[in-house]
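Residue numbers (my numbering), protein chains in the order written: chain P, 1 to 363; chain G, 364 to 644; chain C, 645 to 1076.
For the record, the hints were derived by calculation from the structure and aren't laboratory data.
Every residue, glycine too, gets a C-beta built ideally from N, C-alpha and C.
Any given hint might turn out to be false.
[To be verified] Computed cross-link-like contacts, DSS-like style, restricted to lysine-lysine with a CA-CA straight-line distance of at most 27 Å:
1) C:K982 - C:K700
2) C:K686 - P:K248
3) P:K140 - G:K596
4) C:K648 - C:K669
5) P:K23 - G:K473
6) P:K248 - C:K891
7) C:K755 - C:K686
8) P:K56 - G:K596
9) C:K1003 - C:K936
10) G:K634 - P:K295
11) C:K669 - C:K686
12) P:K295 - G:K627
13) P:K353 - G:K634
14) P:K219 - G:K634
15) P:K360 - G:K627
16) C:K1070 - C:K1049
17) P:K248 - C:K1031
18) C:K673 - C:K648
19) C:K936 - C:K995
20) C:K995 - C:K1031
21) C:K936 - C:K700
[Stated by the list, open to error] Quick partial rundown of chain P residues pointing at chain G, CB under 10 Å, derived from the structure:
22) K52
23) D55
24) I239
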Amino acid sequence: MNADKAPPRKAGKGKFELDERLKAYQGVWVFIEHERGNVHPVSWELLGEGRKLADKLGVALSGVVLAAPGLAARRFCEEAFFHGADNCYLMEDAVLSSYRNQPFTKGLTDLVNTYQPEILLLGATTQGRDLAGSVATTLKTGLTADCTELNIDMENRSMAASRPTFGGSLLCTILTLNFRPQMATVRPRVMAMPDRDSARRGTIIEHPLGLIETEIVTKVLQYIPDDQQDKPQLPFADIIVSGGRGLKNADNFQLIWDLAMVLGAEVGASRPVVQAGWVELERQVGQSGKTVRPKLYIAAGISGAVQHRVGMEGSDVIIAINTDPNAPIFDFATYGIVGNAMTILPALTQAFKQQLAVAKMAS
Amino acid sequence: MHIVVCIKQVPDSAQIRVHPVTNTIMRQGVPAIVNPYDLFSLEEALRLKDLHGGRVTAITMGPPQAEAALRKCISFGADDAILVTDRAFAGADTLATSFALASAIGQINKTHAVDMVFAGKQTIDGDTAQVGPGIAKRMNLQLLTYVSKVDALDLTTRTIQVQRRAEGGVEVLTTQLPCLITMLEGTNEMRFATMENMFRAARYQIQVWDRVTAGIEDVTRIGLKGSPTVVSKVFAPQAKTVRAEIIQTEGDEPRDLTLTLVAKLFTQHPKLGETIVRRAA
Amino acid sequence: MATKFDAIVVGAGPSGNAAAYTLAKSGLKVLQIERGEYPGSKNVQGAILYSDALEKIIPDFREDAPLERHIIEQRLWVLDDESFIGSHYRSDSFNKPPYNRYTIIRAQFDKWFSQKVQQAGALLICETTVSDLLMDGDRVVGVQTDRLGGSVYADVVILADGVNSILARKAGFRPELRPGDVALAVKEIHFLPQEVVESRFNISGDAGVVIEMVGKITKGMMGTGFLYTNKESLTIGVGCMLSDFKKQKCSPNQLLEDMKAHPSIRPLMEGGEMKEYAAHLIPEGGYNAIPKIYGDGWMIVGDAGMFVNAAHREGSNLAMTSGRLAAETVIELAAAKKAFTTKNLALYRNKLDASFVMKDLKKYRNMPQIFHRNPQFFTTYPELLNKAAHTMLTVDGVDKKTKEKQVRNSFKQKRSLFGLMGDAYKMWRAFE
Chain P
1 MNADKAPPRK AGKGKFELDE RLKAYQGVWV FIEHERGNVH PVSWELLGEG RKLADKLGVA
61 LSGVVLAAPG LAARRFCEEA FFHGADNCYL MEDAVLSSYR NQPFTKGLTD LVNTYQPEIL
121 LLGATTQGRD LAGSVATTLK TGLTADCTEL NIDMENRSMA ASRPTFGGSL LCTILTLNFR
181 PQMATVRPRV MAMPDRDSAR RGTIIEHPLG LIETEIVTKV LQYIPDDQQD KPQLPFADII
241 VSGGRGLKNA DNFQLIWDLA MVLGAEVGAS RPVVQAGWVE LERQVGQSGK TVRPKLYIAA
301 GISGAVQHRV GMEGSDVIIA INTDPNAPIF DFATYGIVGN AMTILPALTQ AFKQQLAVAK
361 MAS
Chain G
364 MHIVVCIKQV PDSAQIRVHP VTNTIMRQGV PAIVNPYDLF SLEEALRLKD LHGGRVTAIT
424 MGPPQAEAAL RKCISFGADD AILVTDRAFA GADTLATSFA LASAIGQINK THAVDMVFAG
484 KQTIDGDTAQ VGPGIAKRMN LQLLTYVSKV DALDLTTRTI QVQRRAEGGV EVLTTQLPCL
544 ITMLEGTNEM RFATMENMFR AARYQIQVWD RVTAGIEDVT RIGLKGSPTV VSKVFAPQAK
604 TVRAEIIQTE GDEPRDLTLT LVAKLFTQHP KLGETIVRRA A
Chain C
645 MATKFDAIVV GAGPSGNAAA YTLAKSGLKV LQIERGEYPG SKNVQGAILY SDALEKIIPD
705 FREDAPLERH IIEQRLWVLD DESFIGSHYR SDSFNKPPYN RYTIIRAQFD KWFSQKVQQA
765 GALLICETTV SDLLMDGDRV VGVQTDRLGG SVYADVVILA DGVNSILARK AGFRPELRPG
825 DVALAVKEIH FLPQEVVESR FNISGDAGVV IEMVGKITKG MMGTGFLYTN KESLTIGVGC
885 MLSDFKKQKC SPNQLLEDMK AHPSIRPLME GGEMKEYAAH LIPEGGYNAI PKIYGDGWMI
945 VGDAGMFVNA AHREGSNLAM TSGRLAAETV IELAAAKKAF TTKNLALYRN KLDASFVMKD
1005 LKKYRNMPQI FHRNPQFFTT YPELLNKAAH TMLTVDGVDK KTKEKQVRNS FKQKRSLFGL
1065 MGDAYKMWRA FE
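From just these sequences and the hints, can you work out the full model?
This is the structure:
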């Protein structure tokens, strides 16, 4: 969205009155995304976030499942309850067995028009983004993408969605004031995974799709799974060692790999490093890369500008190594060393090796 | 065959330079470029044109300077370029943008039937990935996003087969024209413009459409008025109240600094220490 | 498809734009080829715009050219480690339009100049590199670019491709660039609120100040520093002979950092936000380094011809003037239906000789050598002058005659009487 062009409007200044017909929209919905029998974890993360929003508004939290008829669909609803949903809208139909834009858009918009939620959240995944844009345009409502934070502006019961802007150097808060539902997509790992309570129960509300296969133009011919070997799994890694421009060249980047090996860690990188071709795109951490939430994130030669920050600030412990004492990364890291990554990294690798050797002997 | 490619001119945030001594990032004088994601879509459209003949029209909704981006598209091989520009578009969010572009493409369709629309996967300044799906919805085009490969196009039966990136693999889909495609990044490489196309681009008269020419009558659907989302504030990321603990030792030798750091880490975060030991084992 | 133009201009910097504009305005079919993404993307300058040179090309440039401040005060500072001695010239007549010199921001200025060139009718192509000149025997007949189908023909080719003109070297018109013939300069632009700039430099409205600096800031190397005021920013930079940087193993960036830390300079930069950094080579060899500048079907203009007056730090006016004169040569020959042979293009040289370009370069032809071989001008003399000023200006009970003797002795001691005379003679020769 053209956040840089729109002048900031004072939301909530003076009595903002929601259109009468929109007051009927109540409830927070989370689209439960699934593919080949597995729910994408982002859906649970969104239920966790949705729970907070619903509690603030004093309304129900619902999951939305569109799937082929069968046990799997019911299981998805159950899991939604375990992760905090109060009820689950279920649309079962054979044509929904694989994601396709046309039936899913119709299904989701029909559900929204029938049950009128005030907030609808989707994961910013390939499926989620494909669906969200179509649904928002059909419903002629506002959609805020790749949000990093969701809040409720209690003054007018609106959802305030925050996300990076101006090339990532700043953040902005976006409201959808006079349209419903307020839609937002959130990237995986941005929100925390909620607790799973297998004792929780909820209500399933069924609703028909009303489309038959011959009406659907796009067909799925085949699915070719990826070769899973050696694929970086950054979003779920516990420890990540990440390198940035400060390493100066591709050869020096080897120091990152060396440290990662000692720690059994995944290797990440900032955008300029990926663009320079030192590592593959899959390893990019940041606004236009992966969002990660490891227990330990070591950033060497990375300045910590917002574009990178939003991808990793959810880490438990952050260690930063940078020659510039004023680098923004030191503003939010846990520990910092002001120094040259080329000398610090090998020393750090050694230091960890020593510590691990000691621990091994002790055990 | 007629393909319309939607592009956007964006500031080149990737061209930030780093000062050699202080390592501060400098953003001044950053030039405007064609949104890099759009180029993958444009290149794919040009490839289809190479194979099947026909025309490629580039279109953008933007300020007057967006003309340079359209000219770039001509230099790569687009046949025509249309700049849809109007004061009334100011402040448009993605819903209002897709409305304006859909109207304009609808006008193009009246004189020269449009078989496919290509758009960039997302922009580097907005990152929403919403305008493509929005246009598809409004124009009733079959939507195919995250396409990694166009396998086959049959203009007689008007069917297209593509490979689409899904979470753990690739889907092979087939659908009917007209459709809207957004290409995944890295799926192709934009061709190097020929001298002939460079000349053509330098001489080309960009068609400039205002909202009326673009077929837009209802001004409440465009610009700020047509945007359900509003920016309520712009702010700098919150400075964490506690800055990083900077490790310092006498002489600041790398060996001492790192040993101190690791010791602190294991002492102050014992659970993390356990995780590290477990993983390394 | 071979295309033919009346003239091809290689490069869209000030000299190339001056040439292309003048040619296009006269109705000739001109192609301008720039290797950067956009005109100016490969150009770096202080930057000062000299009205006189531009007026002769675009008389009404003031109407819409992006200009920062018109210069009303020029300062020359000779710096020691912690002090400077200098002279200022400030004149109210410089504050009356039409203004003689302006500070500019090159990115915006080049864009404007290029728009003018295109409006005049020249065809501009960017992101295209001319890899070779196309020859017919010894005659240049066109250019070869790095694009498919990229050979273009013209009656005359004007090389405006900068200090490191690879084309000129490849074609044998000029030798490999020697480190002793160029300076490496670095500059930064620091942003400050307009009011701060104005109060620090005692200016108002659009008036501006220029500070040229020599002395210890170049750590014994031959070079100068500068500080210019723009509307909302300050440009600061320093440059030294490339050969000196190599010998001294000094980094230009470090030089600039140290210069910014000088107690007389730091307060002027205080609170500024650095937003732009650039580095570039500047021709310094002067008159003796000028290569062949014309031949069968070709001419060289601007930095490619080493047209920079280092003594007065003038380059862009020489560039624009040489571009204009080259264009005028073409126009005259075309009108008289004469071919662009070496013999006929000698007219270009004649025009240059008759102008300030060659006259000034000739005058200072000895300067590079003299200053390069005599580092005392950048170290000893600045020290002596500063200490002398310090001695004379400190009131400490010592009588003035003794002080004067002290100063004289300090000069004699450092340089010996013989050396002082020699230095005076060298200075005279450098400026004569």
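Please work out if K1070 (chain C) and K1049 (chain C) have their alpha carbons no farther apart than 27 Å.
-> holds, 25 Å
Between K686 (chain C) and K248 (chain P), is the straight-line Cα distance small enough, at 27 Å or below?
-> holds, 23 Å
Regarding the pair K648 (chain C) and K669 (chain C), is the alpha-carbon distance no greater than 27 Å?
-> holds, 18 Å
Given the hint that K23 (chain P) pairs with K473 (chain G), test it: the Cα-Cα distance must not exceed 27 Å.
-> Measuring from Cα to Cα gives roughly 41 Å; hence the hint is violated.
Take a quick look at whether K360 (chain P) and K627 (chain G) sit within 27 Å of each other, Cα to Cα.
-> holds, 18 Å
Is the Cα-Cα distance between K56 (chain P) and K596 (chain G) 27 Å or less?
-> Satisfied, since the Cα-Cα distance of roughly 22 Å is no more than 27 Å.
Compare the distance between the alpha carbons of K140 (chain P) and K596 (chain G) with 27 Å, and conclude whether the hinted pair is satisfied.
-> holds, 23 Å
Regarding the pair K673 (chain C) and K648 (chain C), is the alpha-carbon distance no greater than 27 Å?
-> Since the Cα atoms of K673 (chain C) and K648 (chain C) sit roughly 9 Å apart, the hinted pair holds (cutoff 27 Å).
27 Å Cα cutoff - pair K295 (chain P), K627 (chain G) | holds, 16 Å
For the pair supplied as a hint, K936 (chain C) and K700 (chain C), is the alpha-carbon distance within the 27 Å limit?
-> Judged against 27 Å, a Cα distance of about 25 Å means the pair holds.
Hold the hint about K52 (chain P) up to the distance rule: shortest CB distance to chain G must be less than 10 Å.
-> At about 19 Å, which exceeds the 10 Å cut-off, the nearest Cβ of chain G leaves the hint on K52 (chain P) violated.
For the hint on I239 (chain P), does the least C-beta distance to chain G fall short of 10 Å?
-> holds, 6 Å
The structure fails hints 5, 14, 17, 20, 22, 23 (numbered hints given earlier, in ascending order).
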